[in-house]
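K.L.:
Could you slot chain B onto chain A? The hints should help.
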Amino acid sequence: MKRLVIIALSLFVFSCEKYSEGLNVDPNNFTDAPGESIIGQANLTWVLITEGEASRMAGIFSDQYTGFSNQFINYNVYDVKSSDFDGIWNNNYAGGIAQTRIVQEKAIAAGNNRLLGVAQIVEAVMGADLAALFGDVPFSQSALPVDFPDPAFDDQLAVFEAAQNLLSLGIENVGNAKVSDLYGSPIFVENNATWAEVAHTLKARYYLITKNYAAARDEAKLGISGNQRSLLSFHSDISGQENLYYQFGIEQRGGYLTATRSHLRKLINLSDISVDRLLYTPGEEARTAHYFSGNELNYNEGGYFAKDASYPIVDWYENQLILAEAEYRLGNEEGAKAAFNAVRRELAVKYNADFPEISIGGNTLLRVILEEKYITMVGSPQVYSDLRRTNNLVGVPVKSSTAPNIPQRFLYPEVEINTNKSFPGVIGLYIPTKVNE
Amino acid sequence: MNYKLLLSFLILPFYHLYGQTQITGTVKGEGDDFGLPGVTVQLQGTQTGTQTDAEGKYKIMASKGQSLVFSFIGMERKELLVGNQSVIDVLLMEQANQLNEVVVLTALGLERKKDDDLSSSTLIDAAAIKRSGESGVIQGLSGKTSGLTIVRNSGDPGAGAYIQIRGQNTISGSSSPLIILDGVPISNSSSGGGVDGVVGQSRLNDINPDDIANVTVLKGAAAAAVWGTGAANGVIVIQTKRGNPRGKKVTVDFTNMTSFDVINREFERQDKFGQGNPLLHETGRARDAYTYIWNPTSRLSWGDRIADRIGGDDDVRVGNKRFEAADGNVYFPILTKNSTNTYLDSNRDQVFQTGFTWNKSVSLNFNTNSGSTFMSFSNWDQKGILKANSDYTRTTARLNNETKLTDKIKIRVNSSVTHSTSNRIQQGSNLNGFYLGYLRTPADFDNRDYIGTYYDNDNVATQNAHRSYIGNDRNLTYLGEGAPFYPNPGWVVNQQENPSELHRFLFNPEFNWNIMKGISFTARYGFDYYNQTRDSWFPVNSSGDLFEGSYGRSETTERNTSVNAFLNGTHLINSDLNFSWITGVQFEDGFYTSLGGNSTIFTNPFVGDLRTFGNAEAANETPSLTRLRQRKSGVYAVLNSEFKNQFYFELTGRYELPSTLTKPVFYPSASLGWVFTEQFNSNLVTFGKVRASYGEVGIEPISYANQTSYAAFDRGSSWGDALSAAVYGNPFGRSSNSGNPGLTPERVREYEVGTDVRFFNDKVSLGVTYYDRKTDKALLAVDLAPSTGFTSVWDNAAVITNKGLEVDMGFRIAKFKDIEWRIDANFSTNKNMVESLSGVKSVTLNGFTGTSSRVVEGEPFAALWGGKWARDDRGNIVLNANGFPEVAEEEGVIGDPNPKWKGGLGSNISWKGLSLSFQFETFQGNDIWAGTESILKYFGVHPETANEFFTETDMRTVDGRIVAAGTLVRGNVTDFGAGNVLLDSEWYTGVGGGFGTVSEPFIVDGSWTKLREVTLAYDLPQNLISKAKLSRASLSLSGRNLFIWSPLQYVDPEVNLTGSSKGRGLEYFTNPGTGSYIISLKLGI
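Heads up: the protein sequence lines correspond to chains A and B, in order.
Take numbering that gives the first Met the number 0: the last position of the first sequence gets the number 436, and nothing is skipped along the way.
Take numbering that gives the first Met the number 0: the last position of the second sequence gets the number 1084, and nothing is skipped along the way.
Bound-form chain A, shown alone (with noise of 0.2 Å):
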């Protein structure tokens, strides 16, 4: 009996373990995917820092834009806290860093070095662009969630110069592919981009930031050699394809980001005479219309911020301009002037206006090209890195009644805050980042 009774029970045992086995297998989702895909989704996160949110609050520091409404109203006077910046990284480190070292690894593995060098550049973006809004940030022990499950901060420095490491060897391993045969379409404006030359304008962006201008130069003569090798963001009016400034302007917010008073509008409005350019330029009345429409973006169809207006990741014109104040700081000032001057000829070939070249020199030569990139490079949260690096050479004026200075930094976000343990503290939104310092 008691055999018995031991037989029946291991046999019902048994059947539970075969009823139930087996189940707990995802039907729903993939659980592997290539490289070759993955790299797009840190493309996406890349077109996103640019486009999204960094840039609207960025632009909203830099006061190219105002915020108008709802929440807006209080990013316009600064009133911001640190959850405001929870998308921002984690995009920056969930859906890039953890992608492109994703696809580094399966590169290695099939010996793809192209793949290889692509995710190399995308991850130094994804760093460099993390250290230059938010100061020392966690980059060497990011993404390595078993060894590192509190990643350290590294200096702001420290992550500039990985980057530039990175941004080195995908050079090296990218050859002269370009962006658009490699891993950059339909993400990518289908140009003549290629991953080298976009790099070397990254190295010389980043130098750029550090100050480290004579870098800045050598890679910037590397850099992006004519507008049509821009990298810009592919947009069309398919849902989910649209420029984001349309989507979040027109689709989703409407109102809560205008120019109502903006200093760029200001500056670029000819008719309004409470702020004017130190270039006088006749062809800035072209230029508003494209950018903006009354108080609001230009959202219409031809717009700058248009449902289907590609939108730079890095140009010709941030190359250009990173070579005139580059070759400035180095004492170059006819070097500085030509390359100042090739991006007014163009503009006055893109608006069909008038965009005077200048032949001045001194101080006022830097503050026209800084003011110029200001204006160009519109929505560009390399603007923002310009204007604490240069210590506001602009003169943008402080919105808040209260604020000391323009914020000189993204607050360290929330999710971060509350989950890491080497987190070193919060840091006001007031206090340089070290290459600002």
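Since the hints were made in silico from the structure, they are not lab data.
Using 25 Å as the maximum straight-line C-alpha spacing, the simulated SDA-like pairs for lysine to any residue come out as follows:
#	chain 1	residue 1	chain 2	residue 2
1	A	Lys265	B	Ala285
2	B	Lys830	B	Val150
3	A	Lys306	B	Asn729
All figures in this text were calculated on a predicted structure; none of them were measured in a lab.
P.N.:
Showing chain B alone in chain A's frame:
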């Protein structure tokens, strides 16, 4: 007492000496034409007695002057003096509340006397549920017992409710109790629960409340332990009606209920100022701060003083550009706003109506020698308080049958089908939401013409243009030019559709076999299947990102099957000791699939009534598929014993293996009880029991949390702008949520002690229970530092405790002159604490980036979280140079949505056929985020923002202006600690309004007391209705949720934006709650 006893001993023998005669008769039950078998007939004061036979007949020898006592379980005792008659026919009345006969249902659905039960389980009578007139069973339970929280999240027709027994136990698992219907588990999944969309339903609403016989709430872990995994939130055991095995062969009952629903609380809105803004917003000049202008492109009601306008018609530019409304009204671009009309009332009447519900139900009972049958049919038809597209209809049919095959074998089948349809209105943080558009509309904007044709300057027409108050520089949306940012509520209610349709089938056969004396075998099969389709339809020109049209549809199928077989034995060892045991096996299988799709941006706008896919470019046609499969097998055993009729003991064990785990788990429980009143006889304490128990139950990890997934993730911000991977080559990325293959079940351990006592001949009853439960290894997506590359990982990381006290009291105030009065009261308090989150500061349950309901270490569950004012070391608010508070750089806990205590008070007074009952319920000490109110301050719609006065001193504003004394301003004065400051438009549209970074000021006391229901019922007298060949007829009038007392203004404090999800205490443009007036007529044949 003793004296009397003695006397009877002395006298009795003498009686016997006198001539005894044989008395015969028939005993019948009330309303019953057949004899009642088994009635005890006793000569009072003697041991002599007999029982009635199968026909209800009896024979007994008695003498004149003696009394016969007739008693039967469930019937009132009757004493009759023997006179000269030899035939005494007796009619026994049904006994209303015989407390020592109250039964509760155990977790396996078996009946057990409450007095023998060792848990805190409580039984809720069907009559009380029915009286509430609610469409759902669950809603009818609210306030009726301690420890049970039922919250109506919305007044929308067919809306679900949030159910919680004791406190919240789990973060990732379901918060709903296990629902056992006629012995088998059924689905109570609820849909919805985000910050937008439509109100969620709950599947418990599929059951017709008229079919319910009773409901037992098993609150403790020990009582629920046989269900092991899944029972951590308690168990609600529902029994449906069975055919009456005795009595009249056929009875028919008919119920007709009509209900009129009204909005129970409304927002107050200012009508002094029109649409527009301070001129300051345009010029940036301080001197323009108190010059208000009418501005049709502004979303705000910070515009001009309406009374200052010159009156009459607006100056318009008559030309091609115009809006022609469907009713022929023509609107031109406004040049000067002259009209002083305000439209709060007409805008209200545009959308609100008195809701109407008509419920018809008929049930049939019939019995034969071998069994009994219950059949019912019902039809619920409800139109909500919004004029269109808000309704709920439900048709149910039930057939329950019990058949005796032989003396030993019985078969029972419970089955029901439900068909329901509903249509719901978009709500919440939603550019197509009803309340959002309705409440933000300025007082001077007439919403009534919401649809028509827009003509541009070239007279080109746009059909079905959507006219709403808010536009921008380019679009005059009040002419229907372009899509609006915020919808016209008329559009939301009339043009958008969110229909759903459900078919559900429940089938539970049961087989009972009395194997031998004391041992029986029961096998049950449960089959619960439903299929639901849900559509969402946004026509072209809807608000926000759906202005080019969107159609979505999902088809969901859920199937839960279970097999449960057990042996049940009872053994009488001797007169002092008996024990019983149950041992069984159980298999459960759950299957869920949802297949759906979405078409956005219609290529053909001429859609008419067609709702289908294919009307969009390929990239905008998106299919979706979600599947879930879970199984569970278990064995269990229960051992009960009783010693000397006063000591009780129970042991339960369950061993099971769910498919989400690789190793089996064991759940034990033990209970002890002592009926101390067996030790002494007292008139004061008629019954008394103390009990103690310990139990363990669990929650299994969610399915598929063992793996990290890869998907084509969209990349975007919390504002809604996003790059859709699907249109960018569909790249796959690794999820930011890490899977974890080493998960174990969450384990809930609970100690419970309590007592059940009755005093004064059962007139007063009291049940008190204290519990202490702890959830260990609660599973959550633990936030990881995003810099690790993952934002979260599934882990058994949290410890949650709940401690509480539950008190139930009943007073059966003695009958006098046919008046019967009872009062029931309950009180519960639960202290909930998230003891540990393994170092994670907080986990969001639901809500917004700004304000959310979270699990925070060291705080009660679902704590409200958001932006706070900065504080110094001593806790004082830090002020800036302008004398205004500074915003803290970090967010934190700002409120606790859990009530400190809650209670219910119900009473029923009846006199002859007339009865009056009422039920109060209260929640005290819970916080709520008054999100809507905060936003209405931003918009200048809130009455607080319409205050105008002359400043008496110079004052600063939040943006640093100094306002000179004697300035006429719109706003209020306050002192944050550095002297008076002026709260004006810049304060309210900035940090002092709902879009500000600080949500702390909008956390308000959400305590409430509601008169849940008050009912006046009249049972028509028998002599009247018998002429109409009826055996029962009653008419009742009820009011439900008509009176609310709460410090929270303007909204029904029960509504919860995030529905029945675990996120609590959030209110944000949630569709309003309702109150009802109900008339019911019940007839019985």
